[in-house]
Structures are given as structure tokens and as C-alpha cells.
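4 protein chains.
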Amino acid sequence: MIIVLQKEATEKQLQDIVDKIKGYGLEPHVIVGVARTVIGLVGDKQGLEPRVFEGMPGVEKAVPIMAPYKLASRDAKAEDTLIRVGDTLIGGGELIYMAGPCAVESREQILETAYAVKEAGASILRGGAFKPRTSPYSFQGLGETGLQYLAEAGQAAGLLTVSEVVDPSDVDLVSKYVDILQIGARNMQNFALLRRVGQTRKPVLLKRGLSATIEEWLMAAEYIMSEGNYQVILCERGIRTFETATRNTLDVGAIALVRQLSHLPVVADPSHATGRRDLVVPAGCAAVAAGAQGLLVEVHPNPDAALSDGAQSLTPKQFEQMVGAVAQVAKSVTPEPTKYWWNRNAV
Amino acid sequence: MIIVLQKEATEKQLQDIVDKIKGYGLEPHVIVGVARTVIGLVGDKQGLEPRVFEGMPGVEKAVPIMAPYKLASRDAKAEDTLIRVGDTLIGGGELIYMAGPCAVESREQILETAYAVKEAGASILRGGAFKPRTSPYSFQGLGETGLQYLAEAGQAAGLLTVSEVVDPSDVDLVSKYVDILQIGARNMQNFALLRRVGQTRKPVLLKRGLSATIEEWLMAAEYIMSEGNYQVILCERGIRTFETATRNTLDVGAIALVRQLSHLPVVADPSHATGRRDLVVPAGCAAVAAGAQGLLVEVHPNPDAALSDGAQSLTPKQFEQMVGAVAQVAKSVTPEPTKYWWNRNAV
Amino acid sequence: MIIVLQKEATEKQLQDIVDKIKGYGLEPHVIVGVARTVIGLVGDKQGLEPRVFEGMPGVEKAVPIMAPYKLASRDAKAEDTLIRVGDTLIGGGELIYMAGPCAVESREQILETAYAVKEAGASILRGGAFKPRTSPYSFQGLGETGLQYLAEAGQAAGLLTVSEVVDPSDVDLVSKYVDILQIGARNMQNFALLRRVGQTRKPVLLKRGLSATIEEWLMAAEYIMSEGNYQVILCERGIRTFETATRNTLDVGAIALVRQLSHLPVVADPSHATGRRDLVVPAGCAAVAAGAQGLLVEVHPNPDAALSDGAQSLTPKQFEQMVGAVAQVAKSVTPEPTKYWWNRNAV
Amino acid sequence: MIIVLQKEATEKQLQDIVDKIKGYGLEPHVIVGVARTVIGLVGDKQGLEPRVFEGMPGVEKAVPIMAPYKLASRDAKAEDTLIRVGDTLIGGGELIYMAGPCAVESREQILETAYAVKEAGASILRGGAFKPRTSPYSFQGLGETGLQYLAEAGQAAGLLTVSEVVDPSDVDLVSKYVDILQIGARNMQNFALLRRVGQTRKPVLLKRGLSATIEEWLMAAEYIMSEGNYQVILCERGIRTFETATRNTLDVGAIALVRQLSHLPVVADPSHATGRRDLVVPAGCAAVAAGAQGLLVEVHPNPDAALSDGAQSLTPKQFEQMVGAVAQVAKSVTPEPTKYWWNRNAV
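Protein chains in written order, with my numbering: chain A, 23 to 369; chain B, 23 to 369; chain C, 23 to 369; chain D, 23 to 369.
Keep in mind that a hint or two might mislead.
A pair holds if it fits inside one copy or across any two, identical chains being indistinguishable in the list.
[Unchecked claim] Think about it this way: if two alpha-carbon atoms lie no more than 25 angstroms apart in a straight line, the pair counts; the simulated BS3-like pairs of lysine-lysine are:
no., residue 1, residue 2
1, LYS42, LYS67
2, LYS67, LYS99
3, LYS67, LYS83
4, LYS67, LYS44
5, LYS198, LYS224
6, LYS34, LYS339
7, LYS34, LYS44
8, LYS92, LYS29
9, LYS339, LYS92
10, LYS29, LYS99
11, LYS353, LYS34
12, LYS99, LYS83
13, LYS34, LYS198
14, LYS224, LYS67
Honestly, the hints are just simulated from the structure, not real lab data.
Here the structure is a predicted model, which means the values were calculated and not measured.
Please construct the entire structure, taking both the sequences and the accompanying hints into account.
Laid out in C-alpha cells, this is it:
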């Protein structure tokens, strides 16, 4: 960390800051500049925040040098993390498709979708049973019954399953039925929930929050990992910006950057990122071109009758065509960023 | 709701949309314009979302006309909601101060703060026991012990208490110790938690999410109210924007607008909104000038030694001076917006 | 347009609004709903803004139905616009590369770059002579001398040229030297400048503003087109969001959407969108995968010595490798969105 | 500036960076930390940007320590700048009102408004003659005729005048008629225009750009000042955020912060910041409570018939009531921030 003093900081204030730094077992390096004095902190103190110094008299600002995440960082682990679930390898060379309806609506609906997306190339079936909806008056999901249908459909079609968990007390229940636990965007900083899924040994699909910075996203992964669960799959699903023509703004730069900063696998959700069926395919292609190792896609046998998010759902037929288009793009992108010259981790 | 058809929509598509509208028990009004055909929906269908129509063939977009919240709206209840806790009336003519440390750190710290903020004019003591921290390595709060200290300090100094609850399974525990339950910004769309506090009969302080629209904020209130708990206090605490010179951007326009849209009381948190001690007072004055009916202020007996958020904490002495400054502003603002000519609800 | 009345709007207010609508030569359709009365406006009135009605007593809001741009819209012209400059066709099936340094720094620098980017596959040479810099103390460009060097280098290497114009009074001067006039992001709503380049018959490369909505971007194109110059190339270059890890956020959804909304060609600038050399290639691939018909890339023979934006510049060798990678992606994407099923303009 | 090296930076890379630093006449201080090596730069080099180093091999990032603006900063000038125009003192203890219509529409309209706002307490008459409109089909202002009407009305009513200039070549013309030149939000980084008004000796009202950071805003002021014109009045007018319920988001924290960072006077425009007549008064009160030294308010004799921005215009009668309300707030706020304890420049 670097601490910048105010122009008018006194000797006494400087001394107080130096003392506080030493109190943390760190070594202060004072550099007297022309316009400002700055202090560099040398040593290792996990979790020390700039704000601890920023309120002190004489301090203009404190600038962190190191990223605050450790376990999620390439500094801690240089090679890519591979997550094996059943026969499926996430984070390896093969593109992974997680497909299915926004919400499990009925046994028939999820079974029909399961067979169709399996046929089209998906290896993981998605479907919400506990839905976080903006309105209390909207369809909230089928709960445990939905999980049962999802598990049955996955088994029948030969697919792994992923479903969202929204309450720490439901983690055991959801874990009983699905292969991968999903943390939704609105819960990315629900730390009680993060800790709880960190205590399981199920892979976790961690969606980026609507307005979460890349650093906050990786810190959310760190929460899960700090509890001992290292199987975290990051999912970029669009961020909130001033633009309202699309539901969210897919951040492809974040995909490419996180592939460098972290060893964790990164997938993308072009359905939520755009909110429009007619943009899902180009956005999915773009995500893969930027380095995404898989896609999470909303597919519904009859989107116009969907109880939620029909507007951004593909039909099984459209999904099949999408897989064809994306596969072309995937072939033209080396799956290992460490092989690219432009990657700082290139070997 | 208004549904706008695509330029090239067919008669068949129009008919399908009309049928779907009728299927919801609503009456379609078709207006054939020069460039587009639009359909107005007449009738009442709570929870019906535009997205239900937006995925249909022939539909360009669907535009909601009514706000999706009901119970939180002035349409449902014209007069201001007053919340009485003990002797304190929130939402009435008197400005309410909720003051105290970011986190309860020790019995001594919270007791000392309690006496000091009481002396300065606060009626409610704040202090976190379960802290939602961005880093798993930061101080996470004292848990139940913190609640005990907070309750003791509140009682000793003659103050009501407010503290954050982050896990639905903690709601009963926190309710045992405090007078007001706080929902933090990061949990504003933690719907499981909202429902759970909605099932209590404790007043709820609902902070606006970092990137929540006013509509989403009022929908979060609606979640609580739809469970039967009408005692919701809205708290504007700054939103996330591109500007990084301040921690967040205090949205005074939202304060003024929500006072018109909703009957619920609105307070502001200038500490989190700015993140800088030297901006807390002007931001607090601005919030009150815009119509805030109370302030939530971080006060710490020794900010430089605070375990969290010292940089934005006032000393008790500074808080006392702030109360003096804000009181001046408050006096110059009529507390009842319905008395203003510029308010649409003016009588 | 749809006008929504306030719940408490009077008969008299309704009548005034109806009269005002008729005053514009439009036909009002009043729909009395359960909770609100709305009025649909039928007729054609270019440039009529919702805000004209929003201030009237009794009006809650006015919602536009039609996009405000005409000439730039697919409604006005269904087929893609092709722009021919010399032998180069922009907006056709071939991907176009505009490459070169942020600023022309010397005759040698631009000549060396020109030969190198030509060799690598570029057809257009970029280079700034009038630089809009955030600081008045930064290098501001070589002015006319820079244009001369650029023109000479373009001619020598057999490349077309593009350079930014920042002042309406420089349009003639810049037009003398370059083939394409660039409007920078910071000038996207410099309407005097837009009108002025609209009066030339040079193709215009119109960068999206840092915080411009898609609609505002197309309205800026409309300004140019309304003066009679239909040769507008739209350039997505990243928008400003809360995320600071990348310089800007490349909006691939906007690329895909604008390809549908407008007939104008769309290119992308992955250099400014990311601000980091190590993200330029994946971002460029993503843009093309989303539908971009060309790329604008900063290339410098010696980026570490560049007078501006070296951090995001590629070396000629890196650019050559980029062209190889992007070409692979381009091959897997059909260049004509109207051929895609997912495109609303699909035939 | 502080340069942070990559974990894997080599000795050779470190040496290259050190050499480059010395090449700028600066002194490098190398601090070898546990996880990273950082280099502090000592010396003064105006206009040196972090990006100059960020592209170098071995560099992770470069962090600026000093603000890039000089003349606009309190470092350069500790005491508040006072701007005298005629008898009016801007930046002194007295609150200044600049009021009038969005656009000058006719001689009668501006004369009627002038008398009315003068009567209500305004000292400066505003009115646009060259209007930057989003649509080329909207009313664009009366041009020089509008300036003549404005000047006549100002003189008749005993008011100073302010009007926007949008084209560098119009600066002389506009200067002939008005007392203060306005730079609009969309032109805040129109550097050719900034330089041009910097060459006049007219006070300049510099609106903050829609998505300009505080630093960029002060850099725009620096452009004007670097040409020798020190009479810059900063105007906060709301920034663009994800919230669409208000036209923009008034940034009161920026008002308070800029009063500390800069010696220049700061005013606010609650009309554009909110876009809604019913929010103008509370937003204006909030701006003044946060430290604004004046207000720019849209007033129209007949807002419902206004050719632009009627929805956010007050009637003269409403403006008069606003002045009364704001004056109350102003009285309760000390006009000199340097008198506040919470201000870092407090004496």
C-alpha cells in the first residue's frame, strides 16, 4: 500500500502514521517528493484496507498495490483450474453449454427441454426452482418440486444439473438434487450464502453482480474458496450501465481480463446479458471469442408461454443453431490464454 | 401496458397477441398508427410483466404504464406513513438521527458512543454485529455478543437501536435485541431475507442497493409489505456511478422523488454516500434539504482506531456540530412535502 | 407517442392535452383504463419530443413509440449501406482494418507504421494530427504537418487515410488530406461539427460517445445525414461504466443491436475500449464475433516511446498476429446479419 | 507517480523503467516489497501521464499521486476566487441566481421573463440562442437574433446575461452580446472551444459533462485557465447514471468536494439535474445546502408552450417561491467552506 500525505501534513502526523504502520508489523518507506510526501508499506498483512489510513489526520489518500484476493489469483496458482463433474470437464479445452429454462415450470417442460438441449450439445441442464424475482407478485418457482423435476430430467437425458440457491438454509436441500450450485447476480455479495456454499464440496457457479467490479467478483469467489471449496466457476452475465436498449451490458473485456487475473474457469450468460432473443447468439459468439469457456443459455420449448424471461429464451431448435455458430467461433480461438502472446501469463 | 408492434407484424401475429391479452382477462385496445400499430391493455393484472409479451413474434416492445409496486405507492395510501418506536416518531415533522459506529467493537466503545450521540441529539443507536464485508479477511463483527452490547448501550443511554441482519435464519436472534432491523444495500434484493423480515412486526430500515433503481427499491419495500409488515423506512445511501472521487453518489433527486411516489418515510446515510469524513456534513445537509426525514450517521469515539470505515466516521464532537448545522437546514424546509406547491400530491 | 395521465387528472386537463395534440395535426386516441387514462397519438410529426407534453398539468409521463432517427434507421432503408472509398468497400463482406498510431509523431514513425500495417492486412491508415487530450499540458498533435505526413505515408504504402477533426473550421483542411473524417467520442454531440462534416461528401467515421446511448449515437449519425452526407461509419469504442479495471467497457450488444436497427456499417475500436495491449486481441475478436464489420486498432512501431496511448498500442508484429486471429473468427461469422434467423430483419 | 512492477518483472525491465524515469529528469525511488517492487517518482513533470509507463514490459500499473490540474487547484491558490461582473460578485457570500428560459423564443418571451426573474431576485438572465439539441429536427435556437433579444432584455431589466456558445467561430459573436459565456455539458471536452473561450476575458460558466469525472471537469477548467482566462464558474448539472426516473443524478458530493479541491466558484443547475419541475426546488435546496454558491434555473412565462424543456421549467411565480425557499437554506449554511471544521482547508 502507498499512503499519500496532504500537502500541509505535519511532522507529528507523519510520525503517527509511521507508528500505526509499524503497529501492523509493516515497514514504512518514506519518500519526500516535491509536492507530496508518500509512504510505501512493505510486508504482508492480509485484509488490511486503505480506509484504515484514509481517515487519519494528514492523509490525503491510501492506494492499494496488491489485489485483495489471494486464493482466486494467478499469483497463488498459475495454471488453470479444471473442474470435473461426472464426465464433464469445465475449464479445459472443450466449450461447455449449460442450457434450460429460466424456471422449472412443470415435469413435462423440463423433460422436453432436457432431451432437446442434450441433443443440441449441452452437457448441463439449468432450471430455477427458487427464483429471485423483482416483484413479490411474479412466479417464484416450484421450490423442492422443481428440484425433483430438474434432477429427474437431468438423469433421464444424461445431463448434469445446475440450479440457483438463494437462502443459506436451502443449501443442503438444493445440494441433494443438483450437481452445481448457482449463486445469482443479486446474491453475489450475500456473504452468508457464499460462506455456506463454500462449506459444501459442490462446484459453485458464481454470477457477477449487476454492478460488481471485477475485484469484488473475485473477492466473492475468495469468500467461497476461503471456506475450502475451490471449485468456483465464474459467470459474466452483463453489468448495469446507463444503456437501456439492452437489459444489461455484456462485459467481454472482463472475461478476457479475468482469464488473466484468475485461474478459475469463466463462462458467460448471453441471455441475461442482452435480454433479447435476437441478440443472444451474437453475444454468445462474442463471449467465446473473448475467452469464455462455456455458455449459460436460456432455452424453453415454448418461449411465448414461459412464466419468466420468455423474451430472452431460445427455442430448442434455435439453441441447436446457436451451438453450431458458436462452435465455429470456438474453433478459431485457442482455449488456453496462456498460449497467447498478448497474455501476460504467456509462457 | 402498451404493446408496440413491429412495422412488419402480420394480422396473424396481431391476433395471437390480442388472444393472449384476453387470456389474462384484460381488454385490448388496438390503435393503428401511421408507422406502427400499438395495443393498449385495459384491466388490472398485478405482477404482469412487459417481458411476457416482448418475446412474441411481431412485438417490438411492451411499455408498462403503471408502477409495479402497489402497497408502497401513494396510489394505495395518500398520507405519509408514521412509524412509532417507543417515544420516537419516524416520518413525522421531527428529524431523526440514527448514529453510532459502523461495527460494535467492544462494550466500552458502544457505551461511550451511545452516551455521546444521545447527548448530541440522536434518538437511535446504530452498530453492526453481523457485518457484510467485501473481504473474507476483514473484521466480520462480534455477532450475538455485539447485539448484547448494543442493546445494553441503548438501554443505558436511553436510545432505540438498529442493527443489520444478513441471514434469514438470524432474524429472530437480531429481533430479540434491537428495535429496528436493517437490510443493507448489498441485500436489498435478497428476497428470502426481505420476506423473512416482512413476517416480523419490527420496523425495517431498508437501504437502497448500490445500483438499484428507485422502482426496484420500492419493489423491495413491497416484498416486505406484502408479508404484512408495513413499517418500512427507506434509506438512500448513495448509488454506484462512474465517479470514484467519492465512495458513492448521494442521489438527492431520489429522496425528493420517493417522497412523492411513496408514503413511506425516507432517511439518508451521508457517511456511506460519500465515504469521506469531510463530506458527511454537507451531504447530510443536502439530504435534509431535499426532503430526508432523518439521517444515519457513523460516529466513533476514536475513528482512527476503528476496525471498519473509520475514514467516514465522525467523532462525537463532530457529530454534535453536525446536528447543529443540519438542524438549521431542517428548520428552513417544510417537513411535509404535500404542503409544497411543487409536489404533485400538494393539496 | 403515448401520454399517460395522472390518476387525479381532471376533465379540463385532458381536454387541454387533446387540444395540444390536435394543434400538432395529430389524432388523439383516449383509452380510459382502470387505474390510468392514456392517450395514443396517431400521425407523423418529426422531432416532436415527449417533454413537450410532460410538463403539462395532468400528465404523468409521455412515452415515445418510434425511434427519433429516420435516415439512419432500417425503417427508412432496409438493405445494408456500402461505402466505397477508392478500392475499399466498407460494410460489405470483407473485414476492414484501420490501423496506425494514436498520434502522428514524425514522418518516419508514420511511414514505418504505414508499410507495416499494409503488410499485415490493413487497408486504411489512422493517425491523429489534432488530438483531443484531457490535459492541456499533454502532446496535442502536429496539426497540418501531421496531416501531410499521414497523407504521404498513406500514398506511399497504398493505404487510405482517416484522421480526427475537432473544430468545424478545420473540416476543409482535414478533408484536403484524408479520405475519411473521424468524429471522436468526446465530440459525438458537438452538433456544429456534425453539421459541418455532413456538408462534405467525405465518409465520416462516427465514434460513439463515452456515455452516449445507442439512440443518441444514431441521432448523431442523423445530424450528419440530415445535411446530405449518407456515408457514415459507426464505431463502437467502449462506454464509461463503474468498472475501472479496463479503460472503458466494450459494448458488443450495441454492435449486434445497431446492425439490426440501422443500415449503416459498424466497426469497433478494441484499443480504446480496453486501454490495455493485452486485451486488444480478445476484445477485437469479440467485436467481430458480435457483428463488427471492421476494426480500428492502434499500432505503433515502438509503443513504449509513444507520445500518447502507448499502453494500448500493438507493435506491427503483434498487429499482424491479431489480423490472423481475427480473420479466423471472421470466417466463422456470416457477415450479413440479415441472413441470421435471430435477426429481426432476416429474410 | 508510483509505478508497480509485475511479480515476474526482470532486473533488465526494472532498469529500463528506471532509465526512462531519469530521462524525464525525475528521481526514481525503488522499494522492494514482499510481493511486488514499486518505484516512486520524485520531481515535477507537468502533464506526465501514467499511461506512458503502463505499456512498458514489467509494469503492472502506474498510479498518479498528484491531481493533474494545477491552476484550478487549491494547491495553486488557497483562497476562493471571486468573479465580479458588473455589480454582481460570484463566489462571494451572496447566493447568485441565473434564471431564464432554455431557449430565447421571441422578444416578448425573453423580455417578460427578464422582468419577472429580476423581480424574484435573479441577477443574471440566461437564455439559449445556439441550442445543442439531440435531434436535428428539434428547434435549434434563434442564433444572433436570439442574442440580440437576450441582450436587450437584460439591459431593460437590469440583469447580466449568460448564453451558450457551441462553435469556436461563434465566440466573438456571442461575446459581443453577453456577459458570461456558457460551455454546455456536451461540449465540456470540446477542447478547441475551451481554448477559444480561454482566449477571451469573459467569465465562463463551465458545465460538468454528463459523464465527466470531477478530475476531468477540473481539467476542462484548466484548459480555459491555461489560456489566461481565470474567470471560470463551475456548474454541476447532474451526471448520467443507471437511474432513469430523473433526467440526470445531481451530484451534491461533487459540489462539496470541488469546493475543497478548487478555489473556483461552484453553482448548480437543478433544472437539468432532475428534468422535472416538481423536483427543481428540493434539488436546488440540496445543492445550496451542499455548498453551491449559485443556481441556474429554467424559468418560462408559459412552460407548457415552451419550444424546449418546458417539463423542467418553472413559471416566474414558482421561481419566486423557490428563491424564498432556497434563501432560507442558504442562511443556514456558512458560505465559506474554509470556516467549517470538516473542511480540510479549514483555518
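Is it within, between, both or neither when you check LYS42 against LYS67 at 25 angstroms Cα-Cα? Classified as within; 13 angstroms inside a copy, 32 angstroms across copies.
If the cutoff is 25 angstroms on CA atoms, where do LYS34 and LYS44 land: within, between, both or neither? Let me know, please. The answer is within: 15 angstroms in one copy meets 25 angstroms, while 32 angstroms across copies does not.
At most 25 angstroms between C-alpha atoms: does LYS67 with LYS83 qualify within a copy, between copies, both, or neither? both (19 angstroms within a copy, 21 angstroms between copies)
When no copy is specified for LYS92 and LYS29, does a C-alpha distance of 25 angstroms or less occur within a copy, between copies, both, or neither? Between copies only: 14 angstroms across chains, 34 angstroms inside a chain, cut-off 25 angstroms.
Given identical chains, is LYS67 near LYS44, meaning Cα to Cα at most 25 angstroms, within a copy, between copies, both, or neither? within (11 angstroms within a copy, 32 angstroms between copies)
Checking an output row: LYS198 and LYS224, CA cutoff 25 angstroms. Within, between, both or neither? Only inside one copy: LYS198 and LYS224 sit 10 angstroms apart there, 34 angstroms across copies, limit 25 angstroms.
Can you tell me if LYS353 and LYS34 fall within 25 angstroms by alpha carbon in one copy, between copies, both or neither? Neither. Shortest intra-copy (63 angstroms) and inter-copy (38 angstroms) distances fail the 25 angstroms Cα cut-off.
Under a CA distance limit of 25 angstroms, which applies to LYS224 and LYS67: within one copy, between copies, both, or neither? neither (30 angstroms within a copy, 40 angstroms between copies)
Up to 25 angstroms CA-CA - LYS198 versus LYS34, copy category: neither (60 angstroms within a copy, 46 angstroms between copies)
Within a copy, between copies, both or neither: where do LYS339 and LYS92 come within 25 angstroms Cα-Cα? This pair counts as neither: shortest intra-copy Cα distance 43 angstroms, inter-copy 35 angstroms.
Classify it for me, LYS67 with LYS99: is the Cα-Cα distance of at most 25 angstroms met within a copy, between copies, both or neither? within (19 angstroms within a copy, 39 angstroms between copies)
As a check of your reading, is LYS29 near LYS99 (CA-CA no more than 25 angstroms) within one copy, between copies, both or neither? between (41 angstroms within a copy, 13 angstroms between copies)
In this structure, the hints that do not hold are numbers 9, 11, 13 and 14, in rising order.
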